[in-house]
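*Asks:* The residues making up each chain are set out below.
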Amino acid sequence: MTEDNILVRVEHLKKYFPITRGIVFQRQIGAVKAVDDISFDIRRGETLGLVGESGCGKSTTGRTILQLYRPTAGAVYFEGQDLAKMKGEQLRRMRRKMQMIFQDPYASLNPRMTVGNIVGEPLEVHGVASGKERYERVQELLQLVGLNPYFINRYPHEFSGGQRQRIGVARALALNPSFIVCDEPISALDVSIQAQVVNLLEDLQAEFKLTYLFIAHDLSMVRHISDRVAVMYLGKIMELTSRDELYNNPLHPYTQALLSAVPIPDPVVEETRRRIILEGDVPSPANPPAGCNFCTRCPRILEICHDEEPEFKEVGPDHWVACHLIA
Amino acid sequence: MTTLLEVKDLKTRFYTQDGVVHAVNGISYTLDEGSTLGIVGESGCGKSVSVLSAMRLIPEPPGKIVGGQVLFEGEDLLKMSMDEIRHVRGNKIAMIFQDPMTSLNPVLTIGRQVEEALELHMGMSRSQARQRAIELLQMVGIPQAEDRIDDYPHQFSGGMRQRVMIAMALSCNPQILIADEPTTALDVTIQAQIIDLVKRLRDEIGMAVIWITHDLGIIAGLAEKVIVMYAGFIVEEAPVKELYSNPRHPYTIGLLGSLPRLDARKSHRLVSIEGLPPDLIDLPPGCPFAPRCAYVIDRCLEENPSLEAVGSNSHRIACWVDVKTAPKT
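Protein sequence lines, in the order shown, are assigned to chains V and B.
Numbered per the working numbering, the first sequence spans residues 1 to 327.
Numbered per the working numbering, the second sequence spans residues 1 to 329.
Rather than coming from a laboratory, the hints here were simulated on the basis of the structure.
There could be a bad hint or two in this list.
As the list claims (entries may be wrong) - Output of the computed footprint for chain B on chain V, the stretches with three or more beta carbons under 8 Å from beta carbons of chain B:
| hint | region |
| --- | --- |
| 1 | 253–260 |
| 2 | 265–278 |
Stated by the list, open to error - Footprint (simulated), chain B over chain V, 3 or more residues, beta carbon under 8 Å:
| hint | region |
| --- | --- |
| 3 | 185–198 |
| 4 | 211–220 |
A quick note: this is a predicted structure, and the numbers were derived from the prediction, not measured.
Glycine residues also receive a C-beta, built at the ideal position from the N, C-alpha and C atoms.
Please model the complete structure; the sequences and the hints are all you need to start from.
*Replies:* Right under this line is the structure:
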């Protein structure tokens, strides 16, 4: 793997949200460690899946990479330049190359703007196109995502969930980005509509050589769309490897439990499957346990897990794990 | 096996300002004693409304049950007085809902809410009810139940709240448990806990379960019989293995094809069902699925097929076309 192939490099990224007390004189009494020291690469043209349960920090990771949240510590290299050190105009110019598709297509589109203005706004803001040129580009984008170009003067409420998500995709594509963070783009949609949107994302990736960070909690869908998958738990990456390796040879006990918990739509397979049922709930990220973050629920716990945090290291070709069980 | 609940030609409508919403359009099914029935469909297909109607939990107005029968122990639930139905609900037929936060009263302790049903339906005294509530909370796997019984709902996590809901539902030893997407708001590891719990309790108590979901994966490992709903109609009904190995309705085939599988050896393009579900205010005259169907023929656009047996008696579909021989159009 040469350096050229790497589009985004995340190094020791941390994002803590302060917990404060007091109204006039606020003082910090703690921090929610939403993302706690993670490192990984995203290769040009690949889809990196980021999975985990709610509250594990996967969305915060996506937003911090795009500098929608400024990181507490660490670096995010995009095409070799550290975004965390940029600000103002320099950062704004980088934003053309990286876009985001949001989870909730009902909340991420301004209800008072027409589709034409929503999709055309990035063109205007970045001074790429205006007037008739902009109008034509928006029509072209709508067509690209499978919407009728005549819809350009309609408002978001006139569309269904799946169509709204297509509008969100068109907006993300407006500036010809090379990198798109897809933050649970399909979890608000019905099953038959999910497949439509996923197929669209795959087609667009092939056509424009896009790189995706695909954030989701649905492991079956992540398996379908990703080249490599990272599993997050309580602000940390537990395991990162290629899609097939992760699903065929999961090494981390959390990954194993997570995979076994996903129902498979086949009664014959379901009859023979053994579930690893995890006890209890995810601890609060404001007060993570000492040692390994997973030690409160791990079915294969060792003594060392309570005291020492496992190192995130490469244990096989392109297979990274943070666990004391794997020496 | 004896039939416990029989729904016959149930029809529910909502009278709104925009027009009449045909939410449930004449569905019939039976539930056997101790068995598990899965009802699958996408949002707005009428899966929840159909069981809420059977329980008489539809707000009237705007809703109205315009036809049909729901027979339970030889009596029609739809003809009962409010007092009579209240005796059945919570006592013989219990429900758990999708969102455990909004189903619990935030200003009452967990214990008080579990005890309430016991006092109302079982005639227990306050101290008896408290004792029983602790037992129930232990049964559904709440650690330190004696201490946590005095906590409020906000002090519980989503999974724990759903456990409390299950404890409440089971408090009167119901014969039927209706679960309306109880795991949709939960994470997958918590979902596995809840499904495991319901399965265990079902086998211990011997109650029948109606599990409503949009997730064909959950149903595969849980139900014995499955009903697939679309636009307020049942489009296919089959024993669980038959449905997954030999789906006969184009909608079921499409749904199964659009699901990525965790155990897939190779990833192939998902089969998507083009278009959108129909507007329930303005249903097309023919088959409601015809506009999105890959096998559509002229007859589909004019006449709505009724649910008929194909092959074995237990496999029924509502479709004019035999997908095994018909060409895709």
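*Asks:* Taking a Cβ-to-Cβ distance below 8 Å as contact, does the region 265–278 of chain V have at least three residues touching chain B?
*Replies:* holds (count 11)
*Asks:* At a Cβ distance under 8 Å, does chain B reach at least three residues of the region 253–260 of chain V?
*Replies:* holds (count 4)
*Asks:* Examine the region 211–220 of chain V for residues whose CB is less than 8 Å from any CB of chain B, and state whether their number is three or more.
*Replies:* holds (count 3)
*Asks:* When I compare C-beta atoms, does the region 185–198 of chain V have three or more residues closer than 8 Å to chain B?
*Replies:* holds (count 8)
Checked against the numbered hints above, the structure violates none of them.
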